[in-house]
Each structure stands twice: as structure tokens, then as C-alpha cells.
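Enquirer: Residue numbers (my numbering), protein chains in the order written: chain A, 1 to 300; chain B, 301 to 645.
Derived from the structure by calculation, the hints contain no laboratory data.
One thing to keep in mind: the hints can contain errors.
[As the list claims (entries may be wrong)] The calculated DMTMM-like cross-link candidates involving lysine to aspartate or glutamate, where the alpha carbons are at most 25 angstroms apart (straight line), are:
hint: 1; chain 1: B; residue 1: K450; chain 2: B; residue 2: D466
hint: 2; chain 1: B; residue 1: K625; chain 2: A; residue 2: D225
hint: 3; chain 1: B; residue 1: K625; chain 2: B; residue 2: D503
hint: 4; chain 1: B; residue 1: K625; chain 2: B; residue 2: D466
hint: 5; chain 1: A; residue 1: K134; chain 2: B; residue 2: D505
hint: 6; chain 1: B; residue 1: K333; chain 2: B; residue 2: D608
hint: 7; chain 1: A; residue 1: K71; chain 2: A; residue 2: D187
hint: 8; chain 1: B; residue 1: K625; chain 2: B; residue 2: D546
hint: 9; chain 1: B; residue 1: K520; chain 2: B; residue 2: D505
hint: 10; chain 1: B; residue 1: K641; chain 2: A; residue 2: E147
hint: 11; chain 1: A; residue 1: K134; chain 2: B; residue 2: E504
hint: 12; chain 1: B; residue 1: K333; chain 2: B; residue 2: D513
Keep in mind that this is a model prediction, so the values were computed, not measured.
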Amino acid sequence: MVDLVLGLFSRLDCSPDIYFLEAIINGLLLAGLLALLALGLNLIFGVIDVVWICYAEVVMVGMYGINFAYKGGAPFLLAAVFGILVTALAGVLLHFLVIRPVLETPPINQLLVTGGVLFLMQAAATMAFGVEFKNVGIRLGSANVAEMSFSYARILAFLVALGGMLALWQFLKRTYVGTAIRAISQDRQIMPLMGVDSRRLYLVTSAIGGGLAGLAATLMVLQYDIYPQIGLQFGPLIFMICVLGGLGNMVGGFIAAFIISQFIAVGSSCFHTEWGYAVAFLFFMVAIFIRPQGLFGGKS
Amino acid sequence: MTGIRVTPAGIIGILMVAALPLVVRLFFEASEKYYLHLLIQILLWSFIYTGWSLMGRFGLTSLGHGAFTGIGAYATVMLWNFAGWTPWLGIPVGVVLAAVVGLLVGYPCFRFRITGHYFALLTLALTEFVRLCIVGMRDYTGGSLGTQPKRYADGVSLYALQFEPDRMLSYYIAFALWLVGLYVWLRVDRSMDRYALDAASQDEDAAASVGIDVTREKLKITALSAALCALGGGVFAQYQMYIGPDTIAGLGLSLNIVFAVIAGGLWTLLGPTIGAVFTQMLAETLRVAIQGSAELKGLLGNSALALDQAIYGLLLVLFIIYMPKGILGTGTDWWRRLREKKAAS
């Protein structure tokens, strides 16, 4: 045990040099993607009051969809649109078939039922595409700045994620449906009395949430291999960010993504990758103990 | 409170389960090892599921029990492989460790009233944290590939608590463990704590106002539940003679635990056991059916490997939507209604 701890510290090499700066900036770039992932989940929770435990699996479906379309000869942008449509449809189906029947039951049932969908989607992906790692095979290269290197895929992901978030914000702010969605997230009981069709709004929200997963999938196929279990790698991370920012709080989730990604990036550069993640999870648990409603959550 | 009296039906049930290996020996001698292996798995998982249901039935839906089984299994094997401690010491260390972790995570949760979604997601983070730690210490734990406890002598040893080659012995160890699990469940069910926790799960303020120390009650049940799962994890490692971060820890396992219990029935003594029988048999039947039929195998190809998982997931969704009380809960409801109808007519 003693040499285990010593071994850990011998790897500790966090001098503030150029690599450290590189890690911080890479963490920043990762944060954009994580924030986008968290945004979809937060939107769904904020409006429908349901946690999709299988949210990362919806992303996985999107990744396979994009890979399928791209390998089938479609240009990448078209493939991306196809992926987004597939995930939006998946979101609608998920809500219609699985969430709607349990909307009136205890909240924990809603969380668990999507856990069943998680198993189903993973297994279905394995059956359809096998367990092999797949890759769309697009290499964007990387930018080299003062001995630091940043892959263009990450920079692109960061920018598109920010753009996507801005677009959603504008949508919620300026359109009629967006206003209705914001209203219903504030009071689920009153809005139906005001003549808002909550069932339709829930479907629209599920489609948007699914579509955001598809957008994230577009950015992820450029950086990561696709395999059926990829959701287990990202899923817990997304939940952590959402809870840390306050479930349903979109701005909080955005900030939390930046905090968590710094832990991961800097932790990974000092220790092994797993320890970066482990430190992030530890921080999360401590933070939740200090502020149970999330760092930026109001009273629930 | 009164002691636990075993009804005649209970005695017959216990004797029947105790006699199962003899039945296997009589009728399936050729593949005795395989059938016993199935039964042992079912009993060991039943024990772990029962441990989880102690908490789950009071609305404390923990996704963190994959962490506790992992702690129990890894503490046992690591102490044996690297410190030479016998599992007779290693398992208690793992059990205490898991209980302490449960208390550490539980205290703030219960103190600050983290319930529902937040509790589930927080315990999920605990699971992930433990799994990452296991993978991270790969020099000792073998990382994501897992590791094996070192074999001692010919593989059957009291000192090393290794019994895997002797399936009969393994069965009765698992059987004893299962009985312990049921006994603990009954003890909790008949205790004052059960009423306190029932009250707290329905309305915490009201429960606190009549003098129930809600945090303390929840901590007690958490420690107990975590300890049982760690014990199950430790024994499971000794039987399987292999531990991997995804087989005995991790989110997948946590979800499996929750689902099996819900499928079986969350609020009954034998619900978790039925859940274990159901899930293990489902996976095994599908596997055998697919392997046994050339057409199915040809039709599905490699994807046959995931068919049982797909059906499993689908069934879980259907269960939660249409049968949230589980197999046993729904079954007893039907039985009761049938009897009431008879009594009325």
C-alpha cells in the first residue's frame, strides 16, 4: 500500500510548464463538448422532470447513424444531419413509448425505466454492428502553437458546441414554442391550465434533447472510436456535470462542465487518465455534500 | 420485538432448496457441475440482491452497490495476493471497509436530505469512482482485465477459503449465505427500525416530528446493506476465482442489482431470490437455445451474443411500466384477489 501511494506521487509532475498549459487548454476544449452533452439532459430534466439514464446511449446511436451514412457514401455534413434526425427520432420514440406510460409513477421508476433502455440500446447496437471499434476515418490534423498541439477536431467540437448552445438559447428565448417550454419548466401544474398542450411540448423537448445528442455525436465521431459500450464511458460524466450544476439548470451545467473537464484534463496530465476521472468524481461527491442542490442550483 | 418463527411451509421450502443438489446428482449426473454452477450463481446473487433490497424497499434507490460488492471482492483478493492475509480476515476487512464507505457517503446524503434522482446519481458517482480506482491501480488489480486470487494447494482449502473445485461444498456455502441474507431481511422486517424507515420514506418531516432520528435510521440500514453486499462480493470472488472491474463492480452491475430486485419483487422476502432465478435463467436459457439451434445461430451470427441482453433490457422496461411490483408482488396480489373473490361468493 505504501509503495502504491509513493508510486502515485512519483508520477506527480505538475510543474507549471508548457504541457500544463496544454492540458488546461485541452480541458477547455473538452468542456465545450461536455457542456453540450449536459445541455440536452438538463433541458429534458428541466421540462419533463425525467432523467434519461440512457442519454449517452442516444449519443451512441447517433454515432453509429453517422458512421453508417458516411460509409454509405453520403458527404459528412449530410451524414451529420442524418445522425441528428435519427437521435431526434430516438428521443421522440423514447418519450412516447417509455416515458409517457410512467410519467405519473414515482420519479425513481422513470430513471430506472430508461436504465432498461440503456441495456436494450447497448445490446441492439452490438447485434447490429458487432463489438468491434469503428471509426469514420476522418483525420483533421492538429494545430501547433508554441510547442503545444491541439487537434482541430477538438477545436471544431468546442466551437460547434458553443454555437449549438447559443442557437438553443435563442430558440428558447425568441420563439413561441421556446417560451412555452421555458414556462412549463417553471410550473408543470399551471401551464396545462393556461391552455398549453404539455404532451406536445414534451415531445418537442424530447426531439430537441435527442437532436442535441445527435449534434454531440457528430462532434464525437471525429475524435473517438465508436463501440457499443461508449455510453458507459460518457454517461456517468454527463450525470455528474448535470447534478453538479443543479439538475435542470442549463447555465449551471455549462459552468460545471468547465470545472469537471479541468479536473479531468489536469488530473490526467499529472497521473494516469483514470485518476483524472477519479479525482473529478471525488470532487463531485465532496461538492455535493457541501451544496446538495448543486453548485448553482436554487432551492428545489 | 418477537423472534422469528419459521412456519412449516418455510421449513419445507428450506429443505427443498437444501435437497436441490441431490436432485441434480440423481437426474443430471452427466452435467452435474454445470447445473450446480447455475444454482450457486443464483444463490450468491440472491444474497447480494437481498442485501440491496434492504435499502431499496425504503425508497433509497442506490446505484452504488456495485461499489460495495467491488470493495468486498477486491479487498479480499488484494489482501490475499499481496499481503498473504487469509480471506477469513480479508472478507471482514472488505465488509467493514464497505460499511464505512457507505456511512461516509450516506451521512451527508441523509443529513442534507438528498433523495430520489439526486441520491441515485450521487451513488452512481460512487460506483464510478470505485471502478476507476480499481482500474487505476492496475499494477495490483490487473486493471480492466481483472485478476485472480492465487490458488492455494489443490484449490480446496479451509485456510484460503477456496472451494471452487468442490461444487457440492460450494453449493452449501452459497446456501448458508443465502439463509443468512433471508434471516437479516426478516430481522429488519420485524424490527422497530423498519417502521421508522417506512415512515421516513413516506414523509420525512412527519417521521422526524414523532421523534424518529431519520438520518441515524437510514445510516444503519445503509451500513448493513453495504456490508452484506461486500460479503457477497468477497464470497463471489472466492467462488469465481476471478474478479474484474465490470463483473463485480461498476455501473452495469449496479443496474443489474436494481433491476433483478424490481423484476422479482422489491417488497417481499423472496422477491430478490425470484429476481435472481429469473435473470440468471433468462440469460442461460437464451444462451443455450441459441447455441443449440443451428438455424438461430446462422440467422443471428455474432449478434447472438447480445440477444439475451436485448431481451433482458426490453423485459425490464416492460416490467417497470406494467409490473412495478415484480413477479412475486404481482403474483401474490393475484392470489389474494382470487381468494377474496372466493370468500365473497
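Enquirer: With the threshold set at 25 angstroms, check whether the alpha-carbon distance from K520 of chain B to D505 of chain B stays at or below it.
Expert: Answer holds: K520 of chain B to D505 of chain B is near 19 angstroms, not above 25 angstroms.
Enquirer: Has the given pair, K641 of chain B with E147 of chain A, been kept, meaning a C-alpha gap of at most 25 angstroms?
Expert: violated (82 angstroms)
Enquirer: Hinted pair, alpha-carbon criterion (25 angstroms max): K625 of chain B, D466 of chain B. Please report holds or violated.
Expert: violated (37 angstroms)
Enquirer: Does K333 of chain B pair with D608 of chain B here, judged by a C-alpha cut-off of 25 angstroms?
Expert: Roughly 23 angstroms between the alpha carbons, so the hint for K333 of chain B and D608 of chain B holds.
Enquirer: What's the verdict on K625 of chain B and D225 of chain A, does the C-alpha distance respect the 25 angstroms limit or exceed it?
Expert: Judged against 25 angstroms, a Cα distance of about 40 angstroms means the pair is violated.
Enquirer: Between K134 of chain A and E504 of chain B, is the straight-line Cα distance small enough, at 25 angstroms or below?
Expert: violated (50 angstroms)
Enquirer: For K71 of chain A and D187 of chain A, compute the direct alpha-carbon distance and say whether it is at most 25 angstroms.
Expert: violated (45 angstroms)
Enquirer: So if I understand the rule, the pair passes when the alpha-carbon distance is 25 angstroms or less; does K333 of chain B with D513 of chain B pass?
Expert: violated (49 angstroms)
Enquirer: Would the hint linking K134 of chain A and D505 of chain B be met if the CA-CA limit is 25 angstroms?
Expert: Since the Cα atoms of K134 of chain A and D505 of chain B sit roughly 53 angstroms apart, the hinted pair is violated (cutoff 25 angstroms).
Enquirer: Does D503 of chain B sit within 25 angstroms of K625 of chain B, going by the straight-line distance between their CA atoms?
Expert: holds (21 angstroms)
Enquirer: Tell me if the straight-line CA distance from K450 of chain B to D466 of chain B falls inside 25 angstroms.
Expert: holds (17 angstroms)
Enquirer: Check the hint pairing K625 of chain B with D546 of chain B against an upper bound of 25 angstroms on the C-alpha distance.
Expert: Distance ~28 angstroms between K625 of chain B and D546 of chain B Cα, so the pair is violated.
In terms of the numbered hints stated before, the structure departs from hints 2, 4, 5, 7, 8, 10, 11 and 12, listed from lowest to highest.
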